[in-house]
Amino acid sequence: MHEIEGLVDSLLASWQRSGSLIHGRRWHRIPYSKTISVTALDERSEEPVSEPIVATGQDVSLGGIAFAHSQAVPQRLVAVTFDLLDGSSESIVTALKWCRFGRDGRYRSGGRFLRAFTH
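In this note's numbering, the protein residues as written are 188 to 306.
Hints in this document: simulated from the structure, not taken from any laboratory.
Keep in mind that the hints are not guaranteed to be accurate.
The list that follows gives simulated cross-link-like pairs (lysine to aspartate or glutamate, EDC-like), each with its CA atoms no further than 20 angstroms apart [to be verified]:
id, residue 1, residue 2
1, Lys284, Glu230
2, Lys221, Asp270
3, Lys284, Glu233
4, Lys221, Asp273
5, Lys221, Asp246
6, Lys284, Asp246
7, Lys284, Asp229
8, Lys221, Asp291
9, Lys221, Glu277
Produce the entire structure from the sequences given, and follow the hints as far as they go.
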């Protein structure tokens with residue numbers, strides 16, 4: 188989790204750890220409305236199985252992320268890629284836990300961070 192904590196720290200200059208947790212969640216969530224890329228992965232090999240789709244973050248924590256996207260993501264394992272302030276990018280293997288289709292015609296999905304994506 189140290190890799191993920193470092194990434195989240197670099198994404199959010201205003202990151203504040205909170206002693207109180209909202210709604211019984213393990214990690215404090217912070218609003219995150221930046222553009223991310225989501226790439227579906229094969230569950231066994233963790234190789235990409237599709238081109239990345241563009242998504243918009245909703246919130247992020249040390250444990251995971253929620254995001255909105257216009258295309259369905261049929262796989263439950265994805266790489267979420269963040270563009271960092273220094274111009275580089277980092278990706279995290281993420282297990283999608285839920286997906287909802289909204290009235291606005293966009294999907295909303297959320298997942299749990301597993302580990303750094305190294306492919």
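- [ ] Take the C-alpha atoms of Lys284 and Asp229, compute the straight-line distance between them, and say whether it is at most 20 angstroms.
- [x] At roughly 16 angstroms apart (the allowed maximum being 20 angstroms), Asp229 and Lys284 satisfy the hint.
TODO: Would you mind confirming whether the straight-line C-alpha gap from Lys221 to Asp246 stays at or under 20 angstroms?
DONE: Since the Cα atoms of Lys221 and Asp246 sit roughly 10 angstroms apart, the hinted pair holds (cutoff 20 angstroms).
Task: Proposed proximity, Glu233 with Lys284 (alpha carbon, max 20 angstroms) - done: 17 angstroms, holds
Open item on the list: Hinted pair, alpha-carbon criterion (20 angstroms max): Lys221, Asp270. Please report holds or violated.
Closed with: Cα-Cα ~9 angstroms, so holds.
Task: Restraint check for Lys284 with Glu230, where alpha carbons must lie at most 20 angstroms apart - done: The given pair, whose Cα atoms are some 14 angstroms apart, holds under the 20 angstroms limit.
TODO: Please work out if Lys284 and Asp246 have their alpha carbons no farther apart than 20 angstroms.
DONE: 15 angstroms, holds
Open item on the list: For Lys221 and Asp291, compute the direct alpha-carbon distance and say whether it is at most 20 angstroms.
Closed with: 19 angstroms, holds
Open item on the list: Checking one constraint from the list: CA of Lys221 to CA of Asp273, max 20 angstroms. Satisfied?
Closed with: 15 angstroms, holds
TODO: Mind checking the alpha carbons of Lys221 and Glu277 for me, to see if they're no more than 20 angstroms apart?
DONE: Measuring from Cα to Cα gives roughly 14 angstroms; hence the hint holds.
In this structure, every one of the numbered hints holds.
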